[in-house]
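Chemist: Top to bottom, those sequences are chains E and R. 209 is the number that our numbering gives to position 209 of the first sequence; each next residue is one higher, with no gaps. 143 is the number that our numbering gives to position 143 of the second sequence; each next residue is one higher, with no gaps.
There could be a bad hint or two in this list.
[As the list claims (entries may be wrong)] Now the in silico label distances, taken between C-beta atoms and shown as ranges:
1. E:Gly140 - R:Ser293: 18 to 26 Å
2. E:Ser69 - R:His284: 36 to 44 Å
3. E:Lys133 - R:Pro96: 57 to 65 Å
Hint data in this document are derived by calculation from the structure and do not stem from the laboratory. Keep in mind that this is a model prediction, so the values were computed, not measured. Here a beta-carbon is modelled for each residue, glycine too, at the ideal position from N, C-alpha and C.
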Amino acid sequence: MTDQPLLSVKDLHTQFRTDEGIIKAVDGVSFDIKRGETVAIVGESGSGKSITAMSILGLIPNPPGEIVSGEILFEGKDLIQASESELRNIRGNDISMIFQEPMTSLNPSLTIGKQLAEPIVVHTKLNWKEALKKAIGFLGKVQIADAENRIKEHPHQFSGGMRQRVMIAMGLGCEPKLIIADEPTTALDVTVQAQILELLKDLTRNNDTSLLLITHDLGVVARYAERVNVMYAGRIVESGSVMDVFHNPQHPYTKGLLASIPRMDQDAGDKLVPIIGSPPDLSMLPTGCAFHPRCPVKTEECTRAVPPLKKVGPYHHKACWING
Amino acid sequence: MVEISKHNQKKMDPLLSVKNLKVHFPIRKPSLFGGESLSVKAVDGITFDLRSGETVGLVGESGCGKSTTGLAILRMLNVSEGDINFDGENISNFSPSQMRPIRKSMQMIFQDPFASLNPRMKVRDLVGEPLIAHNMTTNKADYVEQVDQLLDMVGLNPKMAKRYPHEFSGGQRQRIGIARAVAVRPKLIICDEPVSALDVSIQAQVINLLEELQDTIGMAYLFIAHDLAVVRHISDRVAVMYLGRIVEVATRDELYNNPKHPYTQSLLKAIPVPDPKLEASRAHFALQGEVPSPLNPPTGCHFHPRCPNATDICRSVSPVLGKIEAGHTVSCHLFETTNLSMNTDQGQVIQNDKKVPERGVA
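Go ahead and model the full structure; you've got the sequences and the hints to work with.
Modeler: Printed below as a string of structure tokens:
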């Protein structure tokens, strides 16, 4: 595991210009993903987790958004400096994305087969006929029965879970090295969520594909990820192996989150300990550490300066002024 | 089935008793030339009780009929068949005007705190509206005082009463919705996914508030949700629905520690727990298939196409909800149950066995 990471995000800053001023949606985020590894980004709405993903793929709408500084190194190549045609080549070929909404991310007026074959035609030298044949194979891989006939159908004839399978098939189409899955199962039912995540796990492990899993569900992180980055108000506040972060959380936000959720593995009668207040408005961030207004252990220092991400264990980091 | 929960010292009669409730939505009538009529059987014969002060969780995946059940109890939907006895009256065929006074005792908290509040009304009027609708206030000063008290009760500063909903965060808006519901001191609140639209760090605040209010006011909750961890936390008893029917009802601990129905079991196995050590040791197994359309449900037991243990009888005969032990009923052919059904129809009947509870406070 000493070779260079597949993806290395360094001090990424992504901002949006709005009527309320500049919104620092991603404010100095750094993390790595190794080959074959599953890394999660967890955070609540507005924490910047999806914007981080969109920045990697160069999908930030400009204007109003802009990557102001930082590096996104994919196999050593900086994607921020890449031209649009280079990026297009990487998207789909090397990196693909699975979105949250399987209902809206498919085109309702095209057949499933056409939508699956299109990226294959665009990214490989295969013709439509061959691409369609390949598409049938992909549908089989994501466990859709009767694929020969189902590629002739339209998205509305597929259920939510099946549509997400199609999205995964599409994402796997060009055998990418990295899959970015942004809340891939949030819109799905619990039993279907389990199917989709198990499928993603099998497919990525079998092909040594890396997975960046973006979610707000701590249970999903614990089950499927090896490492996790906890985001709050545009910054990573804690990162480490899932074991470190869940069993030895260091940042007060991570501790607070783990204490506030009702858990199936604890006594049902235990009172929940909520985090006071609510996530901050990114256009009016508090000074210093963004979490300090909600932090039970804050000190004077927390209101003055933003804490850097510091090492607290071999692979465990936190951004907090409080020691211990 | 009788369990005494923390507030239920006075009455043994259930506050709410739903018997063989069916809510069907017709989508096609037979034409002049024949053809079959077609309807979506959103709720297809469910029976359960809810006692004063008790919290019953109603869980299931989308489309299982849990929200429809809630709306039918509130009589915001028409009942196709069956009885809803609330506080001694059968309200299943009440007209809207007959329902008006009943709604003083039966309120609702909605899922979406952004869509459920009128953006043009100030918080004071939003929270005070039910007081006026039910003639619970005499003059302006009393009205303002009552509203301020309510805001205080749900953890909002009464000074905010002159603001509009858009000035509040999601969690605060849900508090406004809760203040509206408790304003008339109802006996029952139907909570339809009250925390699922909120950020993770906010959910605990709202769950704790609901528990505190129940302690002070003593109303019962019908807590409809898909999040089994939240339901486990707040409920005294839990009913699991699948495709319009109840498949299992038990006390909270019994259901989560000793689930019987294959659907309940797979549902519990499917939820990831935020504990990597535990997850690493758990067998991950995903239930196959998806929930079929309620337009054309499977024959026999609705769950049989996805059930790992289905047999021939499951494919042909609808199982009946029956008791396996005190406080635990299940609708599954795999179990020898004491058939409690006296109603011949669907057989989806739970009967109370008047036994004194063993379980203490939640």
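Chemist: Does each hint hold? Answer for all of them.
Modeler: Here is how each hint holds up against the structure:
A C-beta distance of roughly 24 Å is found between E:Gly140 and R:Ser293, which places it inside the suggested range of 18 to 26 Å. With their beta carbons about 41 Å apart, E:Ser69 and R:His284 fall inside the hinted range of 36 to 44 Å. Range check, E:Lys133 to R:Pro96: about 60 Å between beta-carbon atoms, so the 57 to 65 Å window is met.
Of the numbered hints stated above, none is contradicted by the structure.
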